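K.L.:
Here's the letter readout for the chains.
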Amino acid sequence: RKEVEQDPGPFNVPEGATVAFNCTYSNSASQSFFWYRQDCRKEPKLLMSVYSSGNEDGRFTAQLNRASQYISLLIRDSKLSDSATYLCVVSFTGGGNKLTFGTGTQLKVEL
Amino acid sequence: EAQVTQNPRYLITVTGKKLTVTCSQNMNHEYMSWYRQDPGLGLRQIYYSMNVEVTDKGDVPEGYKVSRKEKRNFPLILESPSPNQTSLYFCASREAGVTNEKLFFGSGTQLSVL
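Listed in order, the protein sequences are those of chains A and B.
If you count by the numbering used here, then the first sequence holds residues 14 to 124, one letter each, in order.
If you count by the numbering used here, then the second sequence holds residues 4 to 117, one letter each, in order.
Read the hints as simulated data drawn from the structure, not as lab findings.
Zero decoy hints are in this set.
Calculated pairs, DSSO-like style, for lysine-lysine (alpha carbon to alpha carbon, straight line, at most 27 Å):
no.: 1; chain 1: A; residue 1: 58; chain 2: B; residue 2: 68
no.: 2; chain 1: A; residue 1: 111; chain 2: B; residue 2: 72
no.: 3; chain 1: B; residue 1: 21; chain 2: B; residue 2: 74
no.: 4; chain 1: B; residue 1: 68; chain 2: A; residue 2: 55
no.: 5; chain 1: A; residue 1: 55; chain 2: A; residue 2: 121
no.: 6; chain 1: B; residue 1: 74; chain 2: A; residue 2: 111
no.: 7; chain 1: B; residue 1: 105; chain 2: A; residue 2: 92
no.: 8; chain 1: A; residue 1: 111; chain 2: B; residue 2: 60
no.: 9; chain 1: A; residue 1: 58; chain 2: A; residue 2: 111
no.: 10; chain 1: B; residue 1: 21; chain 2: B; residue 2: 60
no.: 11; chain 1: A; residue 1: 55; chain 2: B; residue 2: 105
no.: 12; chain 1: B; residue 1: 20; chain 2: B; residue 2: 72
no.: 13; chain 1: A; residue 1: 15; chain 2: A; residue 2: 111
no.: 14; chain 1: B; residue 1: 60; chain 2: A; residue 2: 15
no.: 15; chain 1: B; residue 1: 72; chain 2: B; residue 2: 21
Keep in mind the model is a prediction, meaning the values are calculated, not measured.
Whole structure, please, built from the sequences with the hints as guidance.
P.N.:
Right under this line is the structure:
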């Protein structure tokens, strides 16, 4: 079983749609959770951290469910510019607070 | 401008010819790391360094070497590259500490080993 699992997609959605991605992790000792965005063949960039209470940044909302060991990302009012791959990232103490990356979920927003 | 600089951006080489991919950061970060990214496998950590002269293996260290003689530089060395090391490589850095874990990535090096 992979440490961090994501549906690879692609998710093809029309502009303006709401889309949600889920991610599950296997290590119950995981401490920190993030979503990174990666455009094709470019470097990943931090989109947002994920907190237990849930957090929102504009059109993006992230949720964490520790009991079920999954995190989610909701994008409202999708824009063409949201087209990218979204990486779920989990860390736990040990190995220098190693970050484990999911393989990513590809989003394509269309006119 | 705060950044992580990797060179070269693209590299084509032949099996067995030693190569070095350079990585430099200007943010005075203690932690630096190398990843490779392959289709369907995501980003996998090769080596990381918690500070100068402190390096450790990640998940896929075989066939790679690193050094951390200075805080800003963390080169990745392939002593005898093989075709299975064809991949997209990223260097990354961040501040030390448990809570601040934002990673800054370089722009990547696409390596092809023939």
